[in-house]
Amino acid sequence: MTDSSEHQGQCEISFTVNGEAKTVRVYAMERLLDVLRLELGLTGTKEGCGEGECGSCSVLMNGGLVNSCLIPALQAAGSNLTTIEGLAEGPQLSALQAAFLECGGAQCGICTPGMILASRQLLDKKTDPTLDDIREGLSGNLCRCTGYMQIFDAVAEAARRRNPA
Amino acid sequence: MRSNPADYSLIAPAKLDEVVSLLADEPGQWLPIAGGTDVMVQYAAGRLPARKLVSIWNLAELRGVEILPDEIRIGAGCTYTELREHHGIAQELPLLASAAGWTGGIANQNRGTLGGNIVNASPAADSLPALLAYEAELILVSARGERRLPYLGFHTGYKKTKLAPDELIRAICLRRGLSGYLHYSRKVGARNAQAISKVCIAALGRLRGGVIGGEIEDVRIAVGSVAPVPLRLTEVERIVKGKPVDRELAHLARRAVAARIQPIDDIRSTARYRSEVAGNLVAEFIEQLGATAGRPHE
Amino acid sequence: MTEEQIIGQSVPRKEGRDKVTGAARYIDDMTMPGMLYGATVRSQISRGTIKNIAFDPQFDWSEFAIVTAKDIPGKNCVALIGDDQPCLADGRVNHPEEPILLLAHSDPHFLRMAVDAVSIEYDRLPAIFTLEESEERSQIIWGTDNTFKTFLIAKGDVDQIWEKADYIVEGEYTTGAQEQLYIENNGVIASFHDQHGITVWGSLQCPYYVHKALMTLCNLPAEKVRVVQVETGGAFGGKEDYPSMIAAHAALLAIKSGQPVKIVYDRMEDMTATTKRHPSRTRHRTAVTKDGKILGGEIDFTIDGGAYSTLSSVVLSRGTIHAGGSYDWPSVRIRGKAVATNAPPHGAFRGFGAPQSLFAMERHMDRIAQVVGISPVEIRRRNFLKPGDRTTTEQTIREEIDLGKLLDRALVVSDYHAKKARFSRENEVGTIKKGVGIAAFLHGAGFTGSGERYLASVVGVEGCADGGMRVLVSSTEFGQGTNTVLCQIAAEALGLPYEDVRIAPADTKRVPNSGPTVASRTAMVVGSLVRSACLGIKQTLMASGMLPKSHSPEQLRAACKAYLAAHGELRSFARYEAPEGVFWDDQKYRGEAYACFAWAIYVAEVAVDLTTYRASVEDFVALQEIGRVLHPILAKGQIAGGVAQGIGFALYEKVAWKNGRMQNGQMTNYIMPTSADLPPIRVFFEEMGNVHGAYGAKGIGELPIDGPAPAIVNAIGDALGTHFASIPLLPEDIFEAVAADREQ
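Protein sequence lines, in the order shown, are assigned to chains A, B and C.
First residue of the first sequence: 4, per this note's numbering; consecutive thereafter.
First residue of the second sequence: 2, per this note's numbering; consecutive thereafter.
First residue of the third sequence: 752, per this note's numbering; consecutive thereafter.
The hints are simulated quantities; they were obtained by calculation from the structure and are not laboratory data.
Among these hints, one or two may not hold up.
Covered, in the sense of this in silico footprint (three residues per stretch, anywhere, with C-beta under 8 Å from a C-beta of chain A), are these stretches of chain B [what the hints assert, rightly or not]:
(1) 9 to 17
(2) 37 to 46
(3) 49 to 60
(4) 105 to 111
(5) 187 to 195
Only a predicted model underlies this, so the values are computations on that prediction, with no experimental measurement involved.
The beta-carbon is built from N, C-alpha and C at its ideal position, and this holds for glycine as well.
If we strip away everything but chain A, and leave its shape as in the complex, we get (with noise of 0.2 Å):
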């Protein structure tokens, strides 16, 4: 197989993820996913479907929810990426974190990354959010294990703890 010299069709492509300037040399149309994963070691974000149906490869791109196996690399570049692996201040989880591990949101955690990314994302444009925007903002993110329930206790608690009445 031809060694990696000869990979011509690549290219230096340049974003940040979590707060740090990174350039890898990737095929234009490799998946985000994969450039995450493979490229960067941030195996937080998930594949599974590579469909964009079960959210599970859900990241925040310029502050948006996004779905990074439906994303060529080179669309990427120069964009404002955050992870999973962004979202904790060293030892201090994120509020939603928090929040997943005390209301039981995360049981088997495959999807858990994506799931807490698009209640991030949620919480960023509703900081009040109603069970109903609950349900639409988290309806991209598909999980097996929950019932959903305990995802949504963890929301509102969330809510609540960035939002103190």
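For chain A, the structure is supplied; the task is to place chains B and C on it using the hints.
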């Protein structure tokens, strides 16, 4: 992941001019990709025939919503999220805003574009019936210049459009002044979110004088997922126009719908179900029109 | 007797922090130096012989490791119960997607192209795809009669009851295949060294099942096979037996190539090639008095096992034993049968036969109610098992369960009677029809009959250098809370803080065989053994004089350290012993089928929109008696998750089959509920204790998926007056029934 990234090229010119020049120089060679929510699914499944792609995601010329005196002009690159959050669209074109909210989950709404929905030309696309009901017009752009044509008839067959190989959709234009109308839309899918539609309807109507009991003065009914292309049900409109709304009229409309549409059995649903439900939705629209006289959709 | 400190508290999930920070490492997050990727070339036909295998000359095949059946060092089978399932097809294929050949390469993209570059020619044979075709026996595809297994349960004298009946009620009920749809696809990494043998890391439920299968496949002794479970993203039974297959494939490629090999499926391969819930057909014929009392009946329960026997005999067993539900049957004859078809073998999915036969039982109770003219509430109340009654297998109910009272509580919290009356009125106008429906059911926890004795589970606890303790079990965590609950039990038994107890990775080199993580047995059976092992370790310390009889946690930690300093290691093991007076007759299929039952009453409220024929669940009450709530949040989470899967089973999840192959193997067209689709799921518990379970707990993992489907279909019956007997029940099906009714 069933495609090899090494086999594909993707470039991202900074300006629209560069893209249309490329399409003119090498017609049929380059597949435009905007948000990628359709193209990348095919790619991951190993079913994308194109090998060279040109990104139109970041082109400023395709973004933005212009509110003009007589029309609202939406850049083809506007995402569903932008459609939902734009005050003017939510206010004056509620069918488009609601269709944008049906399409996928939030992540797909942040990336899917109105232009992409049109060009991908799936008969099940959520926003297309709304564009038919609103009698949209498209501005197409190429190296040869711009042309404007009615959206009606843009789809010529299953996944076929009037778009020339060197063209892009630049903007979608929708006339204003629909405040006295009932705007009615409904999507029927396998679940409440993230579902490809089995039947989809977008309709507008107004009674004479805006009074309950008045005859139907203006009506537009469009349906999706019941034919190879989204349909404007002009025959049904003709039957109900000028008549007062009663149960008999709703029934007449229902039967006329069944005669016009060509639904199929597929992996998602059956022809019989689609036909029945399409008829029910049109009847429901007619009855609501009769009950509200066309007061603005809440 | 001191109150428990830790049992009954919602302590933090042991591995929870890693899960919410993205630090948890699942198999596809892992690589090894020199690792290759593996892929499987699969049959494109349903049944036939392989005529020719051709490799596209455009590829340099010398770059690939290639494995066929001929490369198998030991026996070409995936050893489980029977040995009829080949690891790789050897000349003969019996289902679509059957594995034929394996490839490995360093470039995963190139590997994918290579899979498509292998062309296989077949001589086709006629194939069969339905229960009915299998029973007809026009084609024999397995054994002499297409039948994997039969069971017969006989109680009382069924042939005498018909003439005494005021009513004879018949019904036939069917359930479809259901995909487990864990969000993490199947995956493993295997490596091989002449000295150490095979090591497999993977997403799996039962390390020792894989261990046994690899020994047989590779002809290796126990100490030369090592299986390590890593963080697993959901399983629900779908990773009970299937991992033995994918592990076998990776192991063979590792042996052939001399390098570590990772195989991870994508969603389409996982959906189309791996196991599903067994489709079922149940026929009821019941003799009933005019007061609605069941005199007896006949139940025929048949499941479709796919092409090989795998777990079908055990699924059949559980389904057959649960077929009579939570009712008193003075006489009954229950025939269970598992048959073969040319589909990928069906396997374990939460409930394991019980959701199928209980769907039929609970639908049938509503049918009986209708025929006799008694309400669905009363028909159940009059037939419930009571303490001292015997089940269909003649197991005496020894606990003081009052199902009538449980029913009453469920009716109150669901507001059943008021809603039924209100809906009856409101349904007269409008296009939205509402209804409420009940399901009453039970679930036997632990292995059936002599199963637990046969498993002879062993559990260990060991002292750690810092004075804490470590639990040693082969029971695995895949979201349900194994790590947390077993550490809770250990901490309580030891008298240590929860934080001082940890659990070893499920690595066959390190932990004893505490049995598979299935059958709702982990908290109850394994937890009980954990408790015993902890008491054992304290006894060891006391016997050594290092620990006083009454001690503080600090003293225990100090004693542990002292013991380790003196002796080097501190370990205690506990082995399962069958409880007294629990006796099961495998020949007559009679006796104490399960150590205990959990009991439940579920109530569903549905709304059917006659414009679209969509049924949606508006409210759901799940009330169950589960012995003891060990961890409130985990317990509630199990119930809510199981109910959600049950709602999917009833209304959303349909496998579209064509010639034995799943056509809708994508998340976009295999529909599971999103957050926007589920009602509030309101969970309530009662606790009666359980002498056979740790701290009085009963198993609850599978219970919650038994009830939702019949409760929902009963509710739709209430709403529309149309009684459906088949799931999944889609809007298209509701439409056809309503249209047919209209035409009459």
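Problem - Outcome, coverage of the segment 49 to 60 of chain B by chain A - at least 3 residues whose beta-carbon is closer than 8 Å to one in that chain - result: The restraint on the segment 49 to 60 of chain B holds, since 4 of its residues have a Cβ under 8 Å from chain A and three suffice.
Practice task
Confirm or reject the coverage of the segment 9 to 17 of chain B by chain A under the rule of 3 or more residues with a beta carbon closer than 8 Å to the chain's beta carbons.
Solution key: With 5 residues in contact (Cβ-Cβ under 8 Å with chain A), the coverage given for the segment 9 to 17 of chain B holds.
Handout entry: Verdict on chain A covering the segment 37 to 46 of chain B, criterion of 3 CB contacts below 8 Å
Key = It holds, with 7 qualifying residues against the three required.
Practice task
Check, residue by residue, whether the segment 105 to 111 of chain B contains three or more positions whose beta-carbon lies closer than 8 Å to a beta-carbon of chain A, and give the verdict.
Solution key: Contact hint for the segment 105 to 111 of chain B vs chain A: holds, 6 residues under 8 Å.
Exercise for the section: Examine the segment 187 to 195 of chain B: at least three residues should have C-beta closer than 8 Å to a C-beta of chain A. Expected result: holds (count 3)
Comparing the model with each numbered hint stated earlier shows that all of them hold.
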